[in-house]
Each structure stands twice: as structure tokens, then as C-alpha cells.
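Using the sequences and the hints, build the whole thing.
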Amino acid sequence: MTLKEVQELLEAQVLCGNDDCLERGVRVCFACDLISEMLLYLKPHSLLITSLTNAHVIHAAQVMDAKAVLFVGGRRPDESVIRSGESNKIPLLTTTLLTFDCCGRLYEKGVRGDKQ
Amino acid sequence: MVDSLAYTPQITLEFEIGEKDFFVAGECASRVKKTLQQLGLKQDVIKRIAIIIYEAAINVAIHATSGKLVVHVEPDAVTIRTEDVGAGIEDIDLAMKEGYSTASYEIREMGFGAGMGLSNIKQCSDDLNIESRVGVGTTLNARVSFKDERRHEGA
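Those sequence lines, one after another, are chains A and B. Numbered according to the working numbering, the first sequence spans residues 1 to 116. Numbered according to the working numbering, the second sequence spans residues 1 to 155.
Hints were generated in silico from the structure; no laboratory data involved. Please note: incorrect hints may appear among the correct ones.
Listed below are the simulated BS3-like cross-link pairs for lysine-lysine, each with C-alpha atoms no more than 25 Å apart in a straight line [unchecked claim]:
hint : chain 1 : residue 1 : chain 2 : residue 2
1    : B       : LYS122    : A       : LYS89
2    : A       : LYS4      : A       : LYS109
3    : B       : LYS97     : B       : LYS147
4    : A       : LYS89     : B       : LYS42
5    : A       : LYS115    : B       : LYS42
6    : A       : LYS109    : A       : LYS43
7    : A       : LYS43     : A       : LYS115
8    : B       : LYS97     : B       : LYS42
9    : A       : LYS43     : B       : LYS68
10   : B       : LYS122    : B       : LYS147
11   : B       : LYS68     : B       : LYS20
12   : B       : LYS122    : B       : LYS42
13   : B       : LYS20     : A       : LYS109
14   : B       : LYS147    : A       : LYS109
15   : A       : LYS89     : A       : LYS43
16   : A       : LYS4      : A       : LYS43
17   : B       : LYS147    : A       : LYS115
18   : B       : LYS34     : B       : LYS147
19   : A       : LYS89     : A       : LYS4
20   : A       : LYS43     : B       : LYS20
21   : B       : LYS20     : B       : LYS122
22   : B       : LYS147    : B       : LYS20
23   : B       : LYS122    : B       : LYS34
24   : B       : LYS20     : B       : LYS42
What follows is the structure in C-alpha cells.
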């Protein structure tokens with residue numbers, strides 16, 4: 001599914017990323033709140049779901065080639081973090097849903113973790 | 001056709017890391033990654049190097065009062081060295097154990113401090129050496145080697 005479809009499915013708001021970026025397809029997703037786990041397990045082209053909102057999330061997503069980042073629980077990073085997402089061409093989204101619900105809805109639509 | 005990618009110039013990148021300079025760690029990893037991509041190194045090699053840099057630099061920011069990161073690109077390997085002045089490590093074997101951490105709540109809240117850093121570094125390195133003196137500081141040397149035939153993307 002495309003990021004645009006992910007946005008609708010998860011009732012998310014786009015913080016940065018233009019229409020072209022939102023046409024990117026997402027098949028793999030990874031959810032966690034530990035930077036070291038992101039560095040260990042995040043596979044290229046994944047959607048990263050997290051409740052962390054600091055600049056490390058963008059650096060980790062950039063280093064690991066994530067496709068986009070979704071912040072859960074209504075969390076919203078500072079403007080500087082959003083700008084960093086923008087300059088690294090990593091679309092950022094935020095939703096009031098929590099991690100479990102996001103993963104559940106995505107799984108129903110065929111999105112999987114990397115190990116499957 | 002001259003294979004320009006077959007030659008990796010020897011370059012050295014240096015970064016200063018101050019006490020609690022947490023975000024510089026990610027910036028170092030990001031910048032080195034971009035440089036290595038320009039040199040045409042393979043993605044999986046670059047990723048291993050970037051992970052080592054990220055974890056090693058954040059360790060310096062967390063535990064030391066000052067330090068530096070030196071990344072040296074050689075024809076067949078990249079070496080990553082951190083030298084710091086600070087608390088040092090009492091028991092290196094224990095520090096290497098996954099899950100062991102002395103990090104504060106502040107560090108954990110940021111998404112680090114789960115005791116995965118050194119084991120992540122070990123997993124990504126071909127050679128790893130850590131020397132530390134309590135109350136003086138720590139030096140970490142990691143090496144990622146790549147054989148000629150798998151050095152470059154598409155090689």
C-alpha cells in the first residue's frame with residue numbers, strides 16, 4: 001500500500017513529505033522505541049513506527065534507509081526534527097492511535113514485519 | 001573503460017564529541033554514511049560502519065567528558081576509533097554483555113541505554129578492541145574489512 005493509504009488507514013497527519021513521497025509503497029513495517037533496536041533490526045524501505053520524537057529517530061531512519069516514520073499517541077516532534085526529516089527526504093506522519101492499533105490495521109492490509 | 005570505483009582513496013574523518021553531546025552521534029553516522037556512499041562502498045558495509053559509529057559516538061557522549069571519533073577509510077577496510085576522557089569502564093566483559101547498562105533515566109528516555117550498544121558494535125565489526133582505565137578514559141578500535149570483490153556496489 002502507498003504512504004497515502006497508510007495515512008488514511010491510520011488517520012494520520014502528514015508533518016512533512018510531498019505528494020510524490022506519499023506515493024511510495026510500504027510493504028514492511030517495524031515498530032519500536034529503542035534507537036539501538038532500530039539500528040539492529042530496521043530493514044531498508046520499512047515504515048518505522050515509534051513514540052520517540054527526538055532527532056535520533058531521524059538519524060536512525062536515515063542511516064537504516066527507512067521509507068517513512070510514523071509517530072504514535074498524538075506525539076509530534078519539534079520543528080527542527082520535522083525540518084531534519086524534510087532535508088533527509090524522510091516523510092513524517094503522526095497519529096493519535098497507539099502502536100498496537102497501527103500495527104494491527106497495517107497487518108490486516110497485508111503489511112508485514114521483515115521476518116515474514 | 002577506467003574503473004574509477006576500483007580505487008578507494010584513503011581518507012580520514014574526525015569529529016569532536018563533547019559531554020552530553022548526544023545528537024552529534026547521529027550526525028556523525030549520517031555524514032560518514034553519505035561520504036562512503038559517494039566513494040561507492042557497498043550498502044551493507046556502509047550500514048555496519050554507520051551503526052558502529054552511531055553506537056560508539058553515543059557512548060562517548062553519555063559516559064565521557066570529552067572525546068573524538070576518527071574514521072579512516074583504507075583500500076580494504078574502514079577503521080573506527082573513539083578516544084575519550086572520562087569515567088572509563090570497570091569491567092569490559094560485563095559492559096559487553098547485552099542488557100547491561102549504567103545509563104541514566106535521561107538517556108533511556110531518549111531511546112538509548114538498553115545495554116545493546118557494545119554488542120551491536122561487536123556484531124558489526126570484523127575486529128574490535130576496547131581499552132579502558134577507570135577514571136581516565138576509554139579507547140575503542142573497530143574494523144570493518146571488505147575484500148576487493150565485494151568492496152563496491154555492483155562489483
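Decide if the proposed pair is consistent with the structure: A:LYS89 and A:LYS43, CA atoms, cutoff 25 Å inclusive.
-> Status holds; Cα separation ~17 Å.
Is the straight-line distance between the alpha-carbon of A:LYS43 and that of B:LYS68 25 Å or less?
-> violated (29 Å)
Would you check the hint for B:LYS20 and A:LYS109, treating anything up to 25 Å between C-alpha atoms as holding?
-> Not satisfied, since the Cα-Cα distance of roughly 42 Å exceeds 25 Å.
Taking 25 Å as the top limit, are the C-alpha atoms of A:LYS89 and B:LYS42 close enough?
-> Roughly 21 Å separates the two Cα atoms, so the pair holds.
Given the hinted pair B:LYS122 and B:LYS34, is their alpha-carbon gap at most 25 Å?
-> Answer holds: B:LYS122 to B:LYS34 is near 23 Å, not above 25 Å.
Agreement of B:LYS97 and B:LYS42 with the hint, judged by alpha carbon distance not exceeding 25 Å = violated (29 Å)
Are the Cα atoms of B:LYS122 and B:LYS42 separated by 25 Å or less?
-> It holds: about 20 Å lies between the C-alpha atoms, which stays within 25 Å.
Can the restraint linking B:LYS97 and B:LYS147 be considered satisfied, given a maximum Cα separation of 25 Å?
-> violated (30 Å)
Is the straight-line distance between the alpha-carbon of A:LYS4 and that of A:LYS43 25 Å or less?
-> Roughly 21 Å separates the two Cα atoms, so the pair holds.
A:LYS109 paired with A:LYS43 [C-alpha distance capped at 25 Å] = holds (19 Å)
Restraint status (C-alpha distance of B:LYS34 to B:LYS147 at most 25 Å) | holds (21 Å)
Can the restraint linking B:LYS122 and B:LYS147 be considered satisfied, given a maximum Cα separation of 25 Å?
-> Roughly 19 Å between the alpha carbons, so the hint for B:LYS122 and B:LYS147 holds.
In summary, the numbered hints that this structure violates are 1, 3, 8, 9, 13, 14, 17, 20, 22 and 24.
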